[in-house]
Amino acid sequence: MELLNLNIPSWSDLAYWRPEAILCGTFLAALLGDLIGRGRRPAISFVISVFGLITAGAYSVAAVLHGGAAHTIMGDLIIVDGMAAFFRLLFILAGLATVLFSWTAEEIMGRKRENKAEFFYLTVLMTAAMMVMAEARDLLMLFLSMEAVGLVSYVMAGYMRTSLRSTEASLKYVIFGAVSSGIMLYGLSLLYGMTGAMTFDGIRAGLLAGEVNGLSLLITVILILAGMSYKIAAVPFHFWCPDVYEGAPTPVAAIFSVGPKAAGFALMIRFFYTTLAAGADPSASAPLIELINWPLLMAVIAAVTMTYGNLVALRQLNVKRMLAYSSISHVGYLLMGFVLLTDAGLAAILFYLAVYTLMNLGAFFVVVALNNHIKSEELDDYAGIGFRAPWLGTMMVIFLASLTGVPPFAGFAGKFYVFTAVMDRQWFWLAILAALNSVVGLYYYFRVVKAMFLTRPAEGADTTPLKIHWLQYTVLAVLAVPTLVLGFWFGPLKVLADQAIGLLSTGM
Amino acid sequence: MNILTEMIRGWFGPDKMSDQMVLILSAVTLATLMFVVMALCALVFTWMERKVAGFIQSRYGPMRTGRWHGWAQAVADMLKILGKEDIIPAEANRFFFSFAPILVLLGSLLAWAAIPWSPNFVSADLDLGLFYIFAVSSLAIIGILMAGWASNNKWALYGAARGAAQMVSYEIPLALACIPVVMYTGSLNTSDIVIAQQGGVLNWFLFRNPFIFVAFFMYFIASIAETNRGPFDMPETESELVAGYHTEYTGMRFAFFFLSEYANLFLVSLIASMVFLGGWWSPIPGTDFAPALTFIIKGVLMVLLNMWVRWTLPRVRVDQLMYLCWKVMIPVSLTCVVGAGLWMMWRGQA
Amino acid sequence: MEGFLFWFCGILMFLGGLMMVVQRSAVVSAVWLVFSFLCTAGIFALLSAPFLAVMQVLVYAGAIMVLFLYVIMMLHGPVLEDELIPSNKALWPLIAIPPAAVVILLVGWVKGEGLRTMPDSIAADFGTAEHVAQLLLGRYLLAFELISIVLLVAIIGALAIGQRERKLPWK
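Protein chains in written order, with my numbering: chain D, 894 to 1401; chain G, 449 to 798; chain S, 370 to 540.
Hints listed in this document are in silico derivations from the structure and should not be mistaken for laboratory results.
Some hints could be false.
In silico contact screen, one side only, chain S against chain D (beta carbon under 8 angstroms); selected entries [said to hold, decoys possible]: (1) Val-472; (2) Ile-473; (3) Leu-475; (4) Leu-511.
Covered, in the sense of this in silico footprint (three residues per stretch, anywhere, with C-beta under 8 angstroms from a C-beta of chain S), are these stretches of chain D [said to hold, decoys possible]: (5) 968–979; (6) 1010–1018; (7) 1135–1148; (8) 1307–1316.
Ideal Cβ placement from N, Cα and C applies to all residues, glycine included.
Isolated chain D, as found in the complex (with noise of 0.2 angstroms):
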């Protein structure tokens, strides 16, 4: 028929791009079912996330087993290939352990709230939202993906609307994400009106084809860049970090401090790598590597992230804040992996993503654990809390030595890979202030620790033991687990994160 004659590419793809569809879907149903509850039952929205998380998760590893080459959809807007299912996997986990780990968080389902499953579908939405910053093969998909995970963020931020802080939260959020988007299109609109083109390929081939003023492009580049920065909050666009992580409710700033910065991370990773410099092929780069040290400023970038963001933690008596401070520098340990776009440096960032998306969530998730009792984050009222929850304390103990990277935990093998991509090409200075840095994570790390267990609670405190939830400690532990095993046992997440960059660098 005439009427439906709409040139769309091919509808057949789209059968690769399920996981994203259930999760769409799911948000769909989930708000549906919000409304035939009347938001009074928030458990429909609850079980339809839990629900469509999982389906999306089951067909995501059955891409993954599946194997095989990359996909485009919809023409080249969307790219389903080794490293977007990488990363599908990453998001769903975030997503499902957040929802799991919500259902019982005082901040979220506390007594007194009315719009308690909105967060549900949110989450599930912002899941979804990041997929597609991760698949993304066009400026438009790149913005407008870019922009729902950012939509999404301002009202998780500001949850808690009575609360003072967290609407402080969210103003700053949207106040920061505002202004970084606009300077983030402006870049994309100039990189449009040089190249001609929206896809990444297309971008590609105008440069290539030297018509570029070199100049121009680095203006361009640059406000790009600054736009990813803010998304990953890297050191010049790190300010909002803290307080809307502090802000927020403590769930939502987990989610925050793992899905949107290793979503940034995937974006920037297959625009610059694919886009820019066009790949493990060094000849066919673009113009724009001879104008400026990239790798020279991605170090500082990266150098200075790191650092701030140890020493400031220094000095935190709140540990979310201190969280927060400590997802900056651990931000700067990811971008030394970008400094050189070498195969084995990207590769490493997508191993670390991984470990690192599974410790952080566990340290925000004894904090929710903790906050629904003592209701406070202080590091004072930590004190001797270790006895009261050995658990709880015991699986706190995993994840913070992981995060500073001692071995035997997850977190020494990322950082070892990263570390020795640095060192593969030279980049010694680099390398030795990272192992510095951890040095320094060591001591602020561990302080939680000694307040947890080695430190006196007052006179006349609350000694006995916590209640926790079974959902939060199966949570817990489906994290910490990994976190342990994957300190000895990394081969195959290793070889998941070669092969995802591998076809990332052939796929094009």
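Chain D is already provided as a structure; the job is to place chains G and S on it using the hints.
Just chains G and S, lined up with the frame of chain D:
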């Protein structure tokens, strides 16, 4: 447009002027013509409104001025308005205060450009004519907001706020109601829309598709709200806001608001006649003797309908107004769009 | 003629943007932004994109800016404004430097490389409603759907954080 450019060329001799000059001249001529027509409309419609109001309320309305049914009353009123002192309140924002009436009038005047008066007379024969009309008439909202704010008067500000909220909201069902018709014509050009309705009353879009029949009433209700007339005249409710956003205006500036109100009334009526009621085609096929007159008569009948509604129904509340728009009219209009499309597919009209 | 119109709209657009930034009254800023949008619509029309031009007026100038003005006007009246925003002239150069640098560099680029001119002939249906619809609901269908989801989230979010604490009938 073509006739006019030819005429201008003819007057000045074939090669005396550049094409651009001819274009500019004809544009100026047309704009002046439209303005005069608008002013005439305002005159006729004020008189009509007072007569209609009178009949509905069992009285005569103006009877004395000019002998025959008070026909000269409107002229006298106009002369009185023009002779009034021009006052700008002391604490008002002078620039916005004086600019707002012009902007409001400009919105209606620009929209008139795309009206197809007859098969060979459209001031601006635009491909996107219908959207163009909606776009430029939305500029008037800014004018109303400006007027209310710049007056520095609480009544004016409330009136402007209500007006803006109401007009922005009702623009959606208004445009949505026209979409089914555009689906039939496949064009947003105003002339094309009329041409597609050739062949008598049964080919008017109103009777082609049951969903368009419903959409017509959505359009009519929304158009009453767009023109800020009763029962949706919240922006100027005399009983609570004195006169709404034009409380502080006098003389010529007030006349501009007055003019644009009636210009908008006629505009939405003409659009209704153009989109749903066959435009310049007469109801019986083969009797299209005076296309422009047919078109105007249909428009005037719609205006009368509008006046009938205004003087019959009581004013609604602000929240009822918003409820009606967002929870009734937009869903119904959307249903009309989808339903009309399904009907087209079912009847093989696509 | 076209060249003249381009520079006319372009310069006015730039001026509108500049005035929007330097104005101290939020209402006046918003009105300048509307002005700038109208000039942008003119530029779109000159670029053979009538649909975009109309949408620019309908959506940005006619709807979005109306909401902006609405909110700003509701928040404060005309007289108060000047007292609300303190001026700090010392900050001006600091704020002006980055945009100025970008503008200078871009001008340098245009001068050096020459402008990319419009192709001599464009497809007859370029920029029409049909063409835009074909792209939106064809090639960019996914992006279109993503936008609808983004907007849906914005609505839900606004309701979730914006709604007043109310006594629900079942509580």
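Residue hint S:Val-472, partner chain D, criterion CB-CB below 8 angstroms: 10 angstroms, violated
Hint status (Cβ of S:Leu-511 to nearest Cβ of chain D, threshold 8 angstroms): Cβ of S:Leu-511 sits 5 angstroms from chain D, so the hint holds.
Per-stretch coverage check for the segment 1307–1316 of chain D, three Cβ contacts closer than 8 angstroms to chain S: Violated: only 0 residues of the segment 1307–1316 of chain D have a Cβ under 8 angstroms from chain S.
Given coverage of the segment 1135–1148 of chain D by chain S, tested with a Cβ cutoff of 8 angstroms and a minimum of 3 residues: That given contact is violated, which follows from only 0 residues of the segment 1135–1148 of chain D lying within Cβ reach (below 8 angstroms) of chain S.
Interface hint status, S:Ile-473 versus chain D (Cβ within 8 angstroms): S:Ile-473 check fails; min Cβ-Cβ to chain D is 10 angstroms, beyond 8 angstroms.
Coverage of the segment 968–979 of chain D by chain S (three or more Cβ within 8 angstroms): holds (count 3)
Coverage assertion for the segment 1010–1018 of chain D with respect to chain S, Cβ distance below 8 angstroms, three residues required: This one holds; 3 residues, not fewer than the three required, reach chain S with a Cβ under 8 angstroms.
Satisfaction of the S:Leu-475 interface hint, Cβ to chain D closer than 8 angstroms: 6 angstroms, holds
When each numbered hint is compared with the structure, violations occur for hints 1, 2, 7 and 8.
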